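2 protein chains.
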Amino acid sequence: MRLYVLRLGHRPARDRRITTHVGLIARALGADGIIISGDRDDNVIKSLEKVVELWGGPFEIQYVEDWYSLIKRFKENGWELIHLTVYGLPIQDVIDSIRSSSKDKLIIVGASKVPRVVYELSDWNVAVSSQPHSECGSLAVFLDRFFQGKELSKEFKGWKLKVIPQTRGKKVVRAES
Amino acid sequence: MRLYVLRLGHRPARDRRITTHVGLIARALGADGIIISGDRDDNVIKSLEKVVELWGGPFEIQYVEDWYSLIKRFKENGWELIHLTVYGLPIQDVIDSIRSSSKDKLIIVGASKVPRVVYELSDWNVAVSSQPHSECGSLAVFLDRFFQGKELSKEFKGWKLKVIPQTRGKKVVRAES
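As given, the protein sequences belong to chains A and B, one line each in that order. Anchor point for the first sequence: position 50 equals 50 in our numbering, and the numbering is continuous, going up by one each time. Anchor point for the second sequence: position 176 equals 176 in our numbering, and the numbering is continuous, going up by one each time.
In isolation and in its complexed conformation, chain A is listed as follows:
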């Protein structure tokens, strides 16, 4: 099963850091890649590519202009669309059903207002609390619950840098080159 994150409606000035965080969360918590839509922003793409180069992968980073065709195509190819939104069904009620399907998954998170058609095309509209929220927070909780914590011990390949957990202080090792 593959799992990608689709970030909709990116606005470079306003969303640069949030979209970068969405990408970091997707990578750190087990997604296979992120697809960014909205206004093209090479800045975000480069900073995520730099993370993969230094800390390992695989983790795909793509930009797509026409998100509507993209989600239609994913759906036609049998992927399940899961839209994270405060208006959706509580994650605690649906996560087991979502996990029980072996279909590939596209997790959609919006920046600006999400078009109605996304709610309609999605197989699941899922809320991580029904309170005003952060797409970063929702995505992180979704991935942690979806993968049931297994994502936290994922081994990345091709890393140049790696953190060795410490009670206090910082320890980073560098791969022999």
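Everything labelled a hint here was simulated from the structure, so no lab data went into it. The model shown is predicted, which means the values in this text are computed figures rather than measured ones. Be aware that a few hints might be false.
Since the list gives no way to pick out one identical chain from another, each pair is judged satisfied if it fits inside one copy or across any two copies.
[Unchecked claim] Each computed PhoX-like pair below joins lysine-lysine, with the alpha-carbon atoms no more than 25 Å apart: (1) Lys160 / Lys113; (2) Lys50 / Lys113; (3) Lys113 / Lys75; (4) Lys113 / Lys150; (5) Lys162 / Lys113; (6) Lys154 / Lys46; (7) Lys103 / Lys150; (8) Lys171 / Lys113; (9) Lys170 / Lys72.
Given the coordinates of chain A, assemble chain B onto it according to the supplied hints.
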């Protein structure tokens, strides 16, 4: 037991939206309040206060200039300090021990580089994956695991607006006034 989030090192231009997201996550996922340090930014404080006014509380929002005195005072008053950092111990190894203590908790998340003394004064330095990460994502996963999902059904008081979960579409009710 009380649980507050301390956001260190806020820089208004760069961190405004991220710090706002940290506040939204803290509120939505069960914290009793957020304390923001770094450069004072009324913009963030007002937008979080607006959320509490519309969507309910209680949820405290404070700014503090001298974070060092603050964490010393919390520690002297018997609070446990938990610093979320990529360099710390894996959350999956320590969350049960952290949860088993009934002490009040201060969860510390940094923006810019976190001073060494924070690592030293903290009772726990905790990593949500040992990968480059987002403080938003780390905080969300920490709170969800700490409260074991109970935070997702928290009832807020004094709300004017409330979301009613839907399979598709949006439903918001307004309190009678």
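Is it within a copy, between copies, both, or neither that the alpha carbon of Lys113 lies no farther than 25 Å from that of Lys150? For Lys113 and Lys150, the Cα distance exceeds 25 Å both inside one copy (32 Å) and across copies (29 Å).
25 Å Cα cut-off: does Lys162 pair with Lys113 within a copy, between copies, both or neither? The answer is between: 18 Å across copies meets 25 Å, while 37 Å in one copy does not.
Up to 25 Å between alpha-carbons, please classify Lys170 paired with Lys72: within, between, both or neither. between (45 Å within a copy, 22 Å between copies)
Tell me, please, which holds for Lys160 and Lys113 at an alpha-carbon limit of 25 Å: within, between, both or neither? Only across copies: Lys160 and Lys113 sit 21 Å apart there, 38 Å inside one copy, limit 25 Å.
Homo-oligomer pair classification [Lys113, Lys50; C-alpha up to 25 Å]: This pair counts as between: shortest inter-copy Cα distance 19 Å, intra-copy 29 Å.
With identical chains treated as interchangeable, where does the CA-CA distance between Lys154 and Lys46 reach 25 Å or less: within a copy, between copies, both, or neither? So Lys154 and Lys46 pass the 25 Å test inside one copy only (23 Å; across, 39 Å).
Which holds for Lys113 with Lys75 at a C-alpha limit of 25 Å: within a copy, between copies, both or neither? within (22 Å within a copy, 42 Å between copies)
Intra- versus inter-subunit Cα pairing at 25 Å for Lys171 with Lys113: between (41 Å within a copy, 15 Å between copies)
25 Å Cα threshold - placement of Lys150 relative to Lys103: within (18 Å within a copy, 29 Å between copies)
Violated hints amount to a single one, hint 4; each of the other numbered hints is respected by the structure.
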